[in-house]
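S.K.: Top line first, the protein sequences correspond to chains W and P. Numbering-wise (our numbering), the first sequence opens with residue 1 and increments by one. Numbering-wise (our numbering), the second sequence opens with residue 1 and increments by one.
A couple of the hints might just be wrong.
Selected chain W positions facing chain P (Cβ under 7 angstroms, derived; list incomplete) [as the list claims (entries may be wrong)]:
(1) A42
(2) A43
(3) K48
(4) G49
(5) L54
(6) G56
(7) A110
(8) S157
(9) A167
(10) A170
(11) P351
Hints were generated in silico from the structure; no laboratory data involved. Backbone N, C-alpha and C define an ideal beta-carbon position, used for all residues, glycine too.
Residues per chain are reported as follows:
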Amino acid sequence: MAQQAAVQTSYRRFTSVERMEHMILLVTFSGLALTGLPQTYAAQPWAKGLIDILGGIESVRIIHRFLATLLMAEAIFHGGVVSYRLFVLGYRASMLPGIRDIRDAIQWIAFNLGLRKDHPHLPRYNFGEKAEYLAVVWGTVLMAITGFMMWNPIATSTVLPGSVIPAARAAHGAEALLAVLSIIVWHMYNVHIKRFNRSMFTGSLSREAMEEEHAEELHKIESGETAPPLPAEVIALRKRRFWPYAVMMSLALTGGLIWFITLENTAIQTVPRRESREVAPEVTLTAGDAEIGEALWPTLRCARCHGDTAAGETGVPSLRGTALTFDEFFTVVRSGIPEHDMPAFTPLEIPDAYVLHLWEWLRQADEPAP
Amino acid sequence: MSNRMRVAVRIQLVLGLFLFVSGIAMITATAQDAQPTAEPADTQETAVPQTDQPVPPAVDGLVPSESYCLLCHAQPGRVWTLPSGETLSLTVDPQIIHDSVHGFSNPEGPLSCVDCHTQQFFPHPEPAADNVREFQIERYATCRDCHEEQYTSSMDSVHGAAIAAGHLDAATCVDCHGGHDIQEPDASRQQISLTCGKCHGAVFEQYQNSVHGSALFAESNPDVPTCIDCHGVHDIADPTTNLFRVRSPQLCATCHADAELMAKYDITPNVFDSYLTDFHGSTVALFEQQDPNVPTNKAVCFDCHGVHDIARVDAETSRVVRENLVTTCQECHPGATADFPDSWVGHFPPTLESHPLLFLVDLFYKLLIPAVVGAFVLLVLTDIIRRIRERTSRRARTQAES
Numbered sequence: 001m002a003q004q005a006a007v008q009t010s011y012r013r014f015t016s017v018e019r020m021e022h023m024i025l026l027v028t029f030s031g032l033a034l035t036g037l038p039q040t041y042a043a044q045p046w047a048k049g050l051i052d053i054l055g056g057i058e059s060v061r062i063i064h065r066f067l068a069t070l071l072m073a074e075a076i077f078h079g080g081v082v083s084y085r086l087f088v089l090g091y092r093a094s095m096l097p098g099i100r101d102i103r104d105a106i107q108w109i110a111f112n113l114g115l116r117k118d119h120p121h122l123p124r125y126n127f128g129e130k131a132e133y134l135a136v137v138w139g140t141v142l143m144a145i146t147g148f149m150m151w152n153p154i155a156t157s158t159v160l161p162g163s164v165i166p167a168a169r170a171a172h173g174a175e176a177l178l179a180v181l182s183i184i185v186w187h188m189y190n191v192h193i194k195r196f197n198r199s200m201f202t203g204s205l206s207r208e209a210m211e212e213e214h215a216e217e218l219h220k221i222e223s224g225e226t227a228p229p230l231p232a233e234v235i236a237l238r239k240r241r242f243w244p245y246a247v248m249m250s251l252a253l254t255g256g257l258i259w260f261i262t263l264e265n266t267a268i269q270t271v272p273r274r275e276s277r278e279v280a281p282e283v284t285l286t287a288g289d290a291e292i293g294e295a296l297w298p299t300l301r302c303a304r305c306h307g308d309t310a311a312g313e314t315g316v317p318s319l320r321g322t323a324l325t326f327d328e329f330f331t332v333v334r335s336g337i338p339e340h341d342m343p344a345f346t347p348l349e350i351p352d353a354y355v356l357h358l359w360e361w362l363r364q365a366d367e368p369a370p
Numbered sequence: 001m002s003n004r005m006r007v008a009v010r011i012q013l014v015l016g017l018f019l020f021v022s023g024i025a026m027i028t029a030t031a032q033d034a035q036p037t038a039e040p041a042d043t044q045e046t047a048v049p050q051t052d053q054p055v056p057p058a059v060d061g062l063v064p065s066e067s068y069c070l071l072c073h074a075q076p077g078r079v080w081t082l083p084s085g086e087t088l089s090l091t092v093d094p095q096i097i098h099d100s101v102h103g104f105s106n107p108e109g110p111l112s113c114v115d116c117h118t119q120q121f122f123p124h125p126e127p128a129a130d131n132v133r134e135f136q137i138e139r140y141a142t143c144r145d146c147h148e149e150q151y152t153s154s155m156d157s158v159h160g161a162a163i164a165a166g167h168l169d170a171a172t173c174v175d176c177h178g179g180h181d182i183q184e185p186d187a188s189r190q191q192i193s194l195t196c197g198k199c200h201g202a203v204f205e206q207y208q209n210s211v212h213g214s215a216l217f218a219e220s221n222p223d224v225p226t227c228i229d230c231h232g233v234h235d236i237a238d239p240t241t242n243l244f245r246v247r248s249p250q251l252c253a254t255c256h257a258d259a260e261l262m263a264k265y266d267i268t269p270n271v272f273d274s275y276l277t278d279f280h281g282s283t284v285a286l287f288e289q290q291d292p293n294v295p296t297n298k299a300v301c302f303d304c305h306g307v308h309d310i311a312r313v314d315a316e317t318s319r320v321v322r323e324n325l326v327t328t329c330q331e332c333h334p335g336a337t338a339d340f341p342d343s344w345v346g347h348f349p350p351t352l353e354s355h356p357l358l359f360l361v362d363l364f365y366k367l368l369i370p371a372v373v374g375a376f377v378l379l380v381l382t383d384i385i386r387r388i389r390e391r392t393s394r395r396a397r398t399q400a401e402s
C-alpha cells in the first residue's frame, strides 16, 4: 500500500464545484475591488482613470452592485454545498480553525527562522488556508451588511441610528482595503510566488507541495486513515431530510437577496432633479424695505428730476415724506403725469418690488429742512 | 431764415470742431440764441426738423460736433413716434453725458455723439425699428466698437442667447449700464446686485434677505458675493444647465475653501474637502470629471443650503439646521425618516464626541490594517529567508559533493 502511494505524483484536492466556486470568487472579488476601491479613493488620479476606463461612475456602481449580488448568491450556494457535505456526506468541518492551527503557525515560524528542525506536519487545510477562508467568510458577511446599509440608507435609518450609515461606509472601504492588501501579500505569495499552485484550476496538487503544505493529510491518505464514506442507505435517508430544508433555506435567502437589492434605489438611481427654481422676474409683494428703497433711489431715473435725495428741484416736487398711499404712488409711477412731464415707468425699468421699496423709504423720509 | 442765423450756425460749427471741451458753456448759450423760432416742444413729433427749423448743413466726410447735434437734440420735448405708437424722447441733456464715464472723466477724452451714434450724419437715415425696444436692440451693437471683448462675451451669455432667440426683453449693454448716463458699474458693490434686480426682482428679494445679501446691504460687506461673483459679468451662463450644477461646488469653494477669508467669519474652510469625501461630493466630482453635462441629482451645495436664499447655517430659517434638515433630505430622498439626516457626517472631521461609531470604526481599521498586513509581510519574509537558506545550503552541499 505504502509502495503504491509513493509512486502517486498528484493528489486530488478540489472538486469541480469547489473550483467553480473559486472562479466565481476570483471574478467577483477582483471586480468588486476594481470598482469599489476607486469609489473609496475617488479623489485620487488613479481612481479617476480607472473609473473612466470602466465607463464612468454610474457604470462602475452598476458593475459593483451586479458583482456584489453575484457574490452574495455564491455565498448562499456555498452555504448549501457546505451543509450538504457536513450533514449529508458526513465530512469533517476541516476548515474550522482550532488551537492546533496556532501551534502549527508558531512551529512554522520557528522552522523558518531556523529555531526548529522539522517543518510542522500540516492537515488537509493548513493554518494559512483556514485564515484565508475565515477572512473570506467574515469579509463577505461584513461587506454584505455594510453594503446593505449603503444600498438602503432610508430603511436602515428607520431601524438603526442614521450615524450607522457613515460608519458602515467607512467599514466597507477599510475592510476592502484590508482584504485586497491581504490577498496581495498572503494569497499571492503562497499560491503564485512561492510555488505556482494550480490545484484550484486543475483540481490536484503535486506530491512535493503536499509534502510541504499538507504532510499530515498526505500521511493519512497513504496510510489509508481517511474516514470511509458513509453507507449508501444512510446518505439516502439524510438526503431526503436535507433537500426540503435546503430548498426552503435557498428560497428564503434568495428572496432576502432580491429584497436587499430592490428595496431602495435612492442611492443608485439618477432621477431627474426636482424642478429648477423660478428665475424669471416675478415679484411677490410683501413689505417694502426703506433701506433698499434708499439704495435704489440714486440708481433710478427718478433721481434725475427729483434730486439725489428726492428733495425735489426747481419745478419738481420733493417726494420725501410723501402722503400718497401705495396705490396712488404706484399709479403715478406707472402712468406718469403727462401735464408735468413726469414720465411713466414700465416694470422693466422699475419693477413692482422697487416701487414698494421706494414708497416705503419716501414715506418714512423726513422732509428736508427748508 | 435770417442771415444772422446762418452766421450763428457756422460759428457754432467752427467752435464745436475746435473748441469742443472749453466751448461747452458758450455752445449752449449760442444754441439758445440760435433757436429763437423753435416751435413749442410738445407739438414736435418727429426727429426730422421741420423746414422752418434751423437745418444744419450736410456734413459729408466731416465729423459733426456735439454742438451740431445739439442744435436739434438740446431742444426740450422733442420726441419721435415709432410705427408702434410708442414715443422716444430725442432730447439730450449734455450735462448727463459729460458726467458719465464717457464724459470728461474718460481717460481717452470725452466721446462725441457720433462716436456711438455712428452713421448718423444729417439728414438721418430712416430707422428700421418698429418699436422702442427694437430700436434699442438695433443700436446697442455700437458698444462693440470700443468694448469688443465685453460685447462678444455678452453675446454668448444667457441674455445674448435670449435676444438671439427673439426674447427682446433680455438685457443688452444699456439695460444694465445705462445709455447717456453710464456710471462706473461697481461704484458701490450694492449697485451691482441692484442692477440685476431691475429685471430679476424675485431673485433679488431672496438674495437681499440671504446671509450674503443682507451682509452686502446692511454692512457693505466687501467679501460676500454679489450676483456677478457667482454668475459672471458679461458671459453669464445659464444656471439651470447640468454643467452649472455639476460645477457649482467649485464656485462656492472659491470663497468657502479659502482659509484666510473664512477665518474672518469663523467659518470652516473644510466644507469643500469634506463634501468631496462624502458620497454626494465624490459622485459629483466624478461626474464633473467624466462629463459635466451628465444630469445628476446628487446633492450639490445649493441643494441643501439654498440658492439665493442661503441663510446662516444656525438660523431658524436655514434649510440645513437640524430641525429642518430632514425636510431638505426628503427633496431627494422622499422616504427619509427623522433619523436619516444623521447619516450625513457634516463638514467637520468626525471626532469621538460628534460621531463616536464612525470615529471608532476608522480607528479600528487604522490599527487593524497595518497589524494584519504587517503580520502577513513578516510571515512571508520568514518563509523567504528559509527558502534562501535552504537553497544556499543545497548549493553548498552539491559543491562539496562535486
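S.K.: None of the hints should be skipped; say for each whether it holds.
M.R.: Comparing the hints with the structure gives:
no., hint, result
1, A42, "4 angstroms, holds"
2, A43, "6 angstroms, holds"
3, K48, "6 angstroms, holds"
4, G49, "10 angstroms, violated"
5, L54, "10 angstroms, violated"
6, G56, "5 angstroms, holds"
7, A110, "9 angstroms, violated"
8, S157, "4 angstroms, holds"
9, A167, "4 angstroms, holds"
10, A170, "5 angstroms, holds"
11, P351, "4 angstroms, holds"
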